[in-house]
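**Student:** All chains should be modelled from the sequences, with the hints used to inform the complete structure.
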Amino acid sequence: MSEGTVTHVTLGQVNRDIVRTLEPPGSLYYFWMSIIGLTLSAAILAWTYQIEIGMGVAGYRTPTMWAFYITNFVFWIGIGHAGTLISAILYLFRARWRTSIYRAAEAMTVFAVMTAGLFPVIHVGRMWYVYWLLPYPNERYLWPNFRSPLLWDVFAVTTYLTISVVFFYVGLIPDIAAVRDASTGWRRRIYGILALGWEGADRQWKHYRRGYGLLAALATPLVVSVHSVVSWDFAMALLPGWHSTLFAPFFVNGAIFSGFAMVLVLILPMRYFFNLYPYITDRHLDAMGKLTLVTSLVLSYFYVCEGFTAWYSANVYEWQSYVWKWVGTYGPLFWLQIFGNSVAPLSLFSRRARTSPVTLYIVSIFVLIGMWLERFIIIVPSLARGFHPYTWGNYAPRWPEITITVGSFAFFFILFLACIRLLPSVSIVEVKETVPHPVKEPHA
Amino acid sequence: MSRPSGVVGVFAHVDTTVRAIHALRARGASSFTVYTPMPVDEITEALEGHPLPWSPVRFFTLAGGITGTAGGFALTIWSHLKWGLVTGGKPIVSIPPFVIIAFELTILLGGLATLLAVFLTGRIPLFRRSPGYDPRFSSDHFGIAVECPPAQAAEVRGLLQAAGAVEVRG
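Going line by line, the protein sequences match chains H and A. Under this note's numbering, the first residue of the first sequence carries the number 1, and numbering increases by one thereafter. Under this note's numbering, the first residue of the second sequence carries the number 445, and numbering increases by one thereafter.
Just so you know, the hints here were simulated from the structure itself, not pulled from any lab data. Fair warning: this is a prediction, and the values are worked out from it, not measured in the lab. For glycine and all other residues, C-beta sits at the position ideal for the given N, C-alpha and C. Errors might be hidden in some of the hints.
[Claimed, not checked] Some but not every residue of chain H turned toward chain A, in silico, with C-beta under 8 Å:
#, residue
1, Leu11
2, Gly12
3, Trp152
4, Ala177
5, Asp181
6, Leu196
7, Gly197
8, His437
**Tutor:** In structure tokens:
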């Protein structure tokens, strides 16, 4: 048996098992959707209040003009990265075990990037001027500054969202066709439109596979570039704690790490509620656990390098900024971050922990908390302790941005939960490729 | 429909489908379509060179990518020449940051061109089912739809039957 493939089901059974997940959900689903919907409404109210009163309600004041919203932006963009890694990079490496989980991971990418995309809009305050970010010609020849990392961000994030959506949809087309053929009535008509008349003809598969491979090849350098560009929002500034060549790989690795944790948080309940045990096996959990562990160890190495550079450079500003993160106002958050990102994942050295859904879930939650805090610790304490003590000042969140932050999780989960009920959350086609194909005369 | 009449063979197994493809190709038949629920290597090999020897999708990707690179540099250089404002002590035309914009647009237009290519070459969106299609072909059956003059229909039917089709229509 090759790694992580599904061996004991037939093609027809794959079809039935996955189409079954699209049946009308029970009351538990609607209960959770209502809770999430209410949370999202609270966030919309908080945003409305902020638009009405001004950015002061979000605790913004010099020197910490970037705080929760930028933390959320960086965090959510990062979450998306693991989805692209699983769907594109593991595809290019022909890692067969990705087949059962890549659809959920890809959906996660699309929704995480959409969630991230809200935050620049929320953060700019007067969001009706947000189109000023785009390079459009205007009567005063006032063009955006292409030397600014913030404009690189606009290009990187819009490209990332577009390509993720394209990749997600192209992967879905044959699956939607399978759902179309298995459903009746108005559902059949809607899936029929979404499937674009896909029939699985030989010429369609030929061009489709070529195109899919090329999209994977394009998405791979893209995913590395996106978080590098996000990191340069910070690293291109001269501020102590930000101005480091280490930032691009540091951010990309952290992004993938946090994304793996989010994938686990999503697929473990999905496997339980949809009874997908034949498809998402312990081997998949084991592989995910190993990847989480590796990215955690790499991240710990970056933490050590960051400290070493601050110390050995003998740069007084760099060193005070670094030490203050350990022992200053935000010190407890820093240590919680270290626990979540560097200590808790060490349990994944144990094979039993890697195949235990409960342990994986707990570790993943710690990783998500740790990674969110890492983004916060990079942004806020660095701004709060700049070069000149005269400009120092702390930041504390207020209720609008706390509500909006919680609401961003609601926004993400409402999209994800709706998606797994409307679209196949496990790739029908790719799972069929891994099951034994029906042969009439095996020895012929 | 005024098309030449079609014969559809429904297969439940990969090996019987491959046998039928070989038999069809041995007879010189070229206007047939194979439907599969997923790509199958054996069937792809049997179809080597049919209906096209290669897929033109890559050229779309290349053209899109080159357009993106050129467009990215053109947009950035042109707009900075139009508004010659020095920021960060950098030259007006500062190539390193422009590389980032050009890179992102390469990926963006390369990806969109690939999507367009998959649609054009795969002939989607297709608003009407092909006459040879059967809903089982997206689930667990394989199909071969052969277009042939009515005079040859009986021969094709026999050929598909002999290869091991579970059902032959048309």
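**Student:** Next step is simple, just say for each hint if it's right about the structure.
**Tutor:** Each hint, compared with the structure:
1. Leu11: With a minimum Cβ separation of about 4 Å from chain A (threshold 8 Å), the hint on Leu11 of chain H holds.
2. Gly12: Nearest chain A Cβ about 4 Å off; hint holds.
3. Trp152: At about 5 Å, which falls below the 8 Å cut-off, the nearest Cβ of chain A leaves the hint on Trp152 of chain H intact, so it holds.
4. Ala177: Holds, because the Cβ-Cβ distance from Ala177 of chain H to chain A comes to roughly 5 Å (cut-off 8 Å).
5. Asp181: Given a least distance of 4 Å, the restraint on Asp181 of chain H holds.
6. Leu196: holds, 4 Å
7. Gly197: holds, 3 Å
8. His437: Since chain A brings a Cβ to about 5 Å from His437 of chain H, closer than 8 Å, the hint holds.
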